[in-house]
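> Spelled out from the first residue to the last, the chains are:
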Amino acid sequence: MSHILLRHRDIPDLHKFNVYKKNGGFSALKKAVTKMQPSQVTDEVKNSGLRGRGGAGFPTGMKWSFIDKNKWPHYVVANADESEPGTFKDRELMEMNPFQFLEGLAIASYAVGANVAYVYLRGEFWDIAEAMDKQIAEMEEAGFLGDKLFGTDYSLRIYTHLGAGAYICGEETALLESLEGKRGQPRTRPPFPAVAGLFGKPTVINNVETFANVPMILANGADWYKSIGTADAAGVKIYSLSGRVRKPGNYELPFGSTFRQLIYEHGMGVQDGRPVKALMPAGASSSLIPVNDKVLDTPLDYASVRGMGADLGSASVIVLDDTVDLNWVISKTVKFFKHESCGKCTPCREGTYWMNNIVKRMGHSNGSYKEDTDLLLNVAKQMQGKCLCALGDFSTMAVVTSIERFPKDFNRA
Amino acid sequence: MTKQVNVTINGKPIAVPENYTVVEAAKLAGIDIPVFCHHPKLEPVGMCRMCLVEVGQPMVDPKTKEVVMENGAPKIAMRPKLETACTNRVFEGMVVQTQTEKATVGQKSTVEFLLTSHPLDCPVCDKGGECPLQNLTMAHGPGKSRFIYDEKLKMDKQVPLGELIYLDRERCIQCARCIRFQDEVAGEPVLAFDERGRTTQIVSLSDPGFDSIFSGNTTDICPVGALTTADFRFGARPWELSAESSICTQCPVGCNTTLNTRREAKAGGEIVVKRVMPRQNEEVNEIWLCDKGRFAYHYAESKERLTKPMIRKDGKLSRASWDAATKLAAEKFTKNKKDFVVLASGRLSNEDLFNLKSLADTAGGKAILYSDMGGGDVTKLVGVGAGTNLSKMGAGDAIVVVASDLYEEAPIWWLRVKQAAQRGATLIVANARETKLDKFAKHVIRYTHGNEVKTINDLGKKGKVADEFAKAKNAIIFYGSDGLGVNGTSALASACGSLLKETGHVGRANNGLIGVWQRANDQGAFEMGFEPVDDLAKALKGKVVYIAGADPVGDNPNFAKVLKDSKFVAVQDLLETATTEIADAVFPAQAFTEREGTFTSGERRVQRFYAAVPVKGESKPDFAITSMIAKQMGVILEGSSVRVVFDLLSNSVDAFSDLNYDKLAETKEQFPIVGRSDMYYGGTTYENTKGLGVQLLPMAQVGGTVRIPKVRKEAAIHPKEKEILAVPVNKLYDYGITVSSAELLEQRIGETKISMNSSTAKKLGMDAGKTAKISFNGVSGEALIKIDDSISAGVVLVPRSMGLAIHEPVVGKVK
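First to last, the protein sequences are chains A and B. Each residue of the first sequence is one higher than the one before, starting from 279 at the first, in the working numbering. Each residue of the second sequence is one higher than the one before, starting from 7 at the first, in the working numbering.
Mixed in with the good hints there might be a few duds.
Stated by the list, open to error - Partial pick of chain B residues on the chain A-facing surface, computed with a CB cut under 7 Å:
#: 1; residue: G52
#: 2; residue: M53
#: 3; residue: C54
#: 4; residue: R55
#: 5; residue: R85
#: 6; residue: K87
#: 7; residue: G112
#: 8; residue: S115
#: 9; residue: T116
#: 10; residue: F119
#: 11; residue: L120
#: 12; residue: T122
#: 13; residue: S123
#: 14; residue: G203
#: 15; residue: T206
None of these hints come from the bench; they were simulated from the model. These figures come from a predicted structure and were not determined experimentally. Note that CB positions come from ideal geometry on N, CA and C, so glycine has one too.
When you get a sec, could you build the whole thing from the sequences and use the hints?
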C-alpha cells in the first residue's frame with residue numbers, strides 16, 4: 279500500500295515544489311478555496327473522522343467548528359514544537375513532504391476564515407524553518423499563498439516562528455504565549471483557544487501531522503478516509519518506533535494495526551531476540567504497559583490503548599525489553615520533566631524536583647529503597663489531578679505505572 | 007447592578023454577583039478558601055493550586071435540556087478533578103465543597119509541596135507573625151515534613167531588586183503577585199520571572215533596579231517573606247508593633263495609613279515609627295500606598311526637631327519659657343495690628359488653620375496660604391461631589407488632567423486615573439510637555455506655555471474631543487501647577503470650573519474639579535479662608551509675620567532679606583529651618599504622628615489622623631500654640647481639645663457644618679475584605695477601623711449659587727533673544743524637608759536637573775548631562791542639563807524644591 283502522509287517514500291524529491299505540484303499538489307487547496315464554502319470544508323473533515331494527531335485525539339472538524347464566529351480575526355497555528363521524547367514524525371513530514379503540510383494548513387485556514395497562520399517550530403528546527411520560509415515563498419510566487427488566492431477574495435499569509443527550547447511550548451496555550459513573545463507558560467482554561475487564543479482572538483491549533491492529512495481527505499473524500507483505520511480512529515497514523523527494536527523509525531500504518539505488527543513486521547523485532555517487557559506508547563509521558571501476547575495483538579487505536587491503562591498520545595512507541603531496569607527508566611523520565619517543568623504551578627514545580635531527588639537517592643542506594651519507593655509513589659499521586667496543565671500529570675505516569683505494574687523492578691514483590 | 011446567581015458553598019446558599027470567582031463568593035459567605043497567588047485586585051492565574059475545591063453543577067438531560075431533579079432538588083454532578091476556586095467563576099446552581107476529604111487533601115498537598123523548597127527561616131523572617139504561608143500551614147498543612155532538609159535548593163537570600171526592596175529567593179513561592187501588581191495595577195512592568203522549574207526566580211528588568219514608585223506595595227501582597235523593604239527589614243517583629251491610624255501628609259490624595267510603632271533601643275528607648283502601612287479606604291487609596299508615602303516619614307524623628315520655645319536675645323536665639331515666648335509674640339502682634347500677617351501652609355491640620363485664621367481675623371491681620379497654587383475658591387464651589395470614587399469611573403466617563411504631572415505630584419491619583427482609562431474612561435491629558443500619563447490617554451493635547459486657559463476654553467467649544475467631554479456621563483478635571491504659579495493656576499481653575507459648570511459636570515458624585523495641590527491640606531486651608539498671594543515678598547515686606555508650617559527662606563533665599571527687614575517674625579515648625587534661624591520667636595510644633603487632627607484631601611474628603619507616638623520635648627500642636635498666643639492677646643481660642651476646635655470649626659465653616667469627630671470615624675464594610683486575621687487574601691494592608699472620612703458637599707451640590715470667578719487676563723511673557731522662559735515643574739522626590747530626611751530616598755531624589763529640548767540646548771551650546779548655570783529673578787544656581795524634546799523651544803523646566811527657587815514662569819538665562 280502506498281503512503282498517505284509519508285508519500286515522499288513513494289515519490290522521490292517530493293519536497294521540491296514542482297514535484298509536489300506535478301503529483302496533484304495544491305489541487306485540494308484550489309478546490310477548497312474556489313469550489314467550497316468554508317463550512318463545507320469543515321464538514322468534510324468532520325465526516326472523515328480525522329482526530330488530532332498531537333496526542334489528545336480530539337476530532338479535528340469539531341475543533342474547527344468551535345471557533346468563535348462573533349470575534350475576529352481568526353488565527354490558525356500549526357504546532358510544530360514536536361518535543362516529546364521518542365516522537366520524530368513531524369520532523370520527517372516537514373523535511374520530506376513539507377508542501378502537503380503547508381497545503382493542509384492553508385485549507386484549515388480557509389475553513390475557519392483565518393488570513394494569517396503561524397507555524398510554531400521548536401528552536402532546534404531552525405533548518406526546517408529556513409527551508410519552510412523558502413517553501414512559503416515558492417507558494418506565494420505561484421499564487422497558492424498571499425493575496426486573493428485563485429482570484430477569490432480569500433487571502434492568506436503563513437509565517438514560521440521558532441521557539442527557544444522548552445518542552446512546555448508544545449502545550450498549546452504555552453505555545454500561544456511564546457508565539458506572542460511572552461514567557462512560555464500555560465494559561466488557565468477556560469477560555470479555550472477557540473474563543474480566546476492567539477492575541478486573545480479565536481484560534482485553531484493543530485499538530486503538523488493532522489494538517490498533513492487534510493489535503494488527502496479533500497482530494498479523495500471523507501468516505502475514502504473513513505474506510506481506512508477503525509471505527510474509533512479513522513485513517514492512518516505515523517508511529518515513531520524506538521527503544522530496543524532492531525529497526526527504529528517512523529511507520530505509517532492504518533489505525534487498527536497491532537503492536538505486534540509494528541514491532542515485529544516493521545521494526546524487525548527486538549534486539550538480540552529478547553522478549554518485550556514493557557511498552558511506552560506515548561513517549562516519556564506514557565504509562566507503561568506490561569506486555570503479553572494479548573497486548574501485542576491489541577490494535578493501536580485510542581480506545582484500545584486506553585483499555586490497557588495507557589494513552590496512545592502522539593504514538594511514539596518506546597519498546598523496553600527484559601534487560602531494561604524500570605527504576606533506571608523513571609530516573610530518566612523524572613529528570614526530564616524536572617528539567618522541563620515551567621515552574622508556574624506548585625505541584626509540578628516542586629513535585630518534579632522532589633521526585634528527582636528521590637529517584638537519585640534510589641539510584642545510589644544499592645536496592646534498599648523501600649521507603650523511598652513508597653514516598654515516590656505517594657508524591658507522584660499527590661501531584662496527579664492538581665496541576666495547571668498536563669505536564670505535571672505526564673511526569674507521574676511512568677513513575678506510578680512502573681512501580682504499580684512492575685513491582686519486581688522495585689524490590690516490592 | 008450586576009446579575010446575581012445562586013450558589014451553594016459547603017451547604018450554605020448565597021446569592022453573589024455573576025462575575026465573582028468562587029474564592030470571592032466564599033469570602034462573602036464567610037468561608038475562607040486558602041489562597042497564595044490569588045489577589046482580589048489582580049487577574050486570576052490559578053498558579054499556586056492552594057485553593058483546590060470540589061465543584062459541581064446541576065445535571066442537564068442532554069435530550070430535554072432540562073435540569074434533572076432528585077428528591078425535589080437539582081441532581082448535582084460533581085466534577086471528577088479538583089478545581090481552582092480562584093479561576094472558576096460562579097454560575098447558577100453551582101455547588102462548591104471546600105472541606106471534603108478530597109479538597110482538604112488537595113490543599114494539604116499544595117502546602118507540603120510549597121514547604122519542600124521553603125527555607126523555614128521564620129525565626130529571622132520579617133514576615134513571621136503576619137505571614138500567609140505560616141498561617142495557612144498551621145491551618146491546612148501537614149505537621150511533619152517528608153522532604154529531606156539537606157536536599158533543599160540553596161538560593162540567594164539578599165538580592166536587592168532596587169535600593170528599596172530586597173528579595174529572598176529561597177522564601178519566594180513563585181506566586182507572581184509582585185510581577186502582576188507591577189503589570190496590572192502599577193502599570194510599571196519592571197519585574198519578571200527568569201529561568202524555569204524549581205529555579206524560577208523574580209528579577210528586576212529595569213535600570214535602576216525596581217524602577218517604580220509603587221514598589222512597596224509588593225511587600226504587602228507578597229504572601230511570604232520574599233520581598234521586604236530596605237526600610238523595615240530586620241527592624242522588628244510584627245507582634246512587637248503597635249498600630250495607629252493616620253493620614254499620609256505627602257500629597258493631596260490623603261492616603262489612609264497605619265503607623266506601626268515600637269520602643270526602640272537604637273532611638274534611646276523612645277517609641278518610634280517603624281513603618282508606614284496602607285490602611286484600606288476603597289474610595290481614596292484602596293489598599294495601596296506610593297513609595298514616598300511609605301518611606302518618607304523619618305522627618306518627624308529628625309535630630310533637627312525643635313523641642314523648646316526660643317526668642318532672640320542680643321541677636322541670638324535662646325531658650326525661653328512658653329509664657330515668655332508667646333507673650334513676646336502677642337505683644338508684637340497686638341502692637342502692629344495693621345501689619346499683622348499669618349503665613350501658613352497646607353502641612354497644618356484643619357484645626358490648626360482654623361485657629362490661625364481666627365486669630366488673624368480677630369487681630370485684624372491677613373491670612374496667607376504658603377503655596378504657588380491658587381483656585382481653592384473654585385474647588386469650594388465645584389469640587390467633586392460627595393460620593394466620588396475614581397474606581398467607579400470607566401467607559402462613558404471622562405477625566406481631564408491639565409497642567410499636572412500626576413505621577414510626580416499625586417501618585418495614587420495617577421494610578422487610579424490610569425486604571426479608569428484602562429476600564430474605558432476617556433482620558434484627556436493636556437500639558438505643555440510629555441508626562442507619564444500620556445500613554446494611557448485617549449487624547450493628548452499639547453499646548454505652549456501660557457495657553458492653559460485657552461486649551462480648556464477650547465474644550466468648551468465644538469470639536470471631537472470637546473463633544474466627547476461634553477457628552478460624558480461623568481467628568482472630572484484635575485488641574486495642577488505644572489508650569490504655573492499662583493496667577494496661572496487661579497485663572498486655570500476658573501476656566502476649568504466654567505467648563506464643568508457649562509457641561510453640567512458639577513454637583514454630582516464623580517463630577518467636578520480637583521486641585522492637585524502642593525501639600526496635603528491646601529484644600530483645608532482654602533476651606534478655612536486662607537488664600538495664596540501672587541507676590542509674597544511684597545505681602546511680607548515690613549510686616550509682623552507669624553509663620554506656621556512653612557520655610558520660605560529655605561525655599562527661596564531671597565526671603566531672608568525680606569523677613570530680616572520685617573518688624574517681627576514668629577515661626578512655629580517641626581524642624582530647625584532657614585526661616586527659624588532668622589526668626590525673633592520660635593515655637594516647637596508637634597508632628598502629625600504625635601497628635602490628633604484632620605486633613606481635607608484634594609477630593610475634599612475630611613479625614614482624621616491619630617496620635618501614634620509620644621510628643622517630642624516641649625512641643626505643642628499648632629492649634630494650641632496659636633491659642634496660647636491668642637490668650638496673651640486677650641482672644642480666647644480653644645487650645646486643649648482638638649475635637650472641640652473641630653466642633654467650633656464646623657459651627658463657623660458652612661461646608662463642615664454637619665461634621666464631627668464621631669462621623670469622621672465611621673466605617674463600613676469594604677470589598678475586598680482585608681484584615682489582620684486573613685492577610686493571605688488581601689495582604690498586610692490594615693483594615694480600616696478608625697474612619698473612612700466624609701466628603702464635603704461642594705456649593706454646586708448643596709444647591710447654592712455657583713459664581714465662578716472671572717479669569718483674570720495676564721500679560722504673556724516674551725523672553726528676549728538670549729533669554730529663556732524658566733517654568734516650574736513638580737518632582738515626587740525633592741529636597742523638601744518631609745522627603746530629604748529619608749536617607750533611603752537619596753538616590754531617587756538625585757541631582758537637580760533642568761530640562762529643555764535639543765534645539766534649545768543646541769542654541770545655548772549645552773549638552774545633556776553637562777552642568778549649566780541658570781539664573782532668574784535674582785536666583786542663580788547650577789544644574790545638570792536633561793534633554794526632553796516634548797518641551798517647546800526656548801523653555802527650560804526647573805523643578806520646584808530642588809535648590810532653585812522658582813514659583814512661577816519667569817524669564818531667565820542659562821549659561
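> Hint by hint, note whether the structure agrees.
Here is how each hint holds up against the structure:
no. : hint : verdict
1   : G52  : holds (4 Å)
2   : M53  : holds (5 Å)
3   : C54  : holds (5 Å)
4   : R55  : holds (5 Å)
5   : R85  : violated (11 Å)
6   : K87  : holds (5 Å)
7   : G112 : holds (6 Å)
8   : S115 : holds (5 Å)
9   : T116 : holds (5 Å)
10  : F119 : holds (4 Å)
11  : L120 : holds (6 Å)
12  : T122 : holds (5 Å)
13  : S123 : holds (6 Å)
14  : G203 : holds (4 Å)
15  : T206 : holds (3 Å)
In summary, the structure is inconsistent with hint 5 from the numbered list given earlier, while agreeing with all the others.
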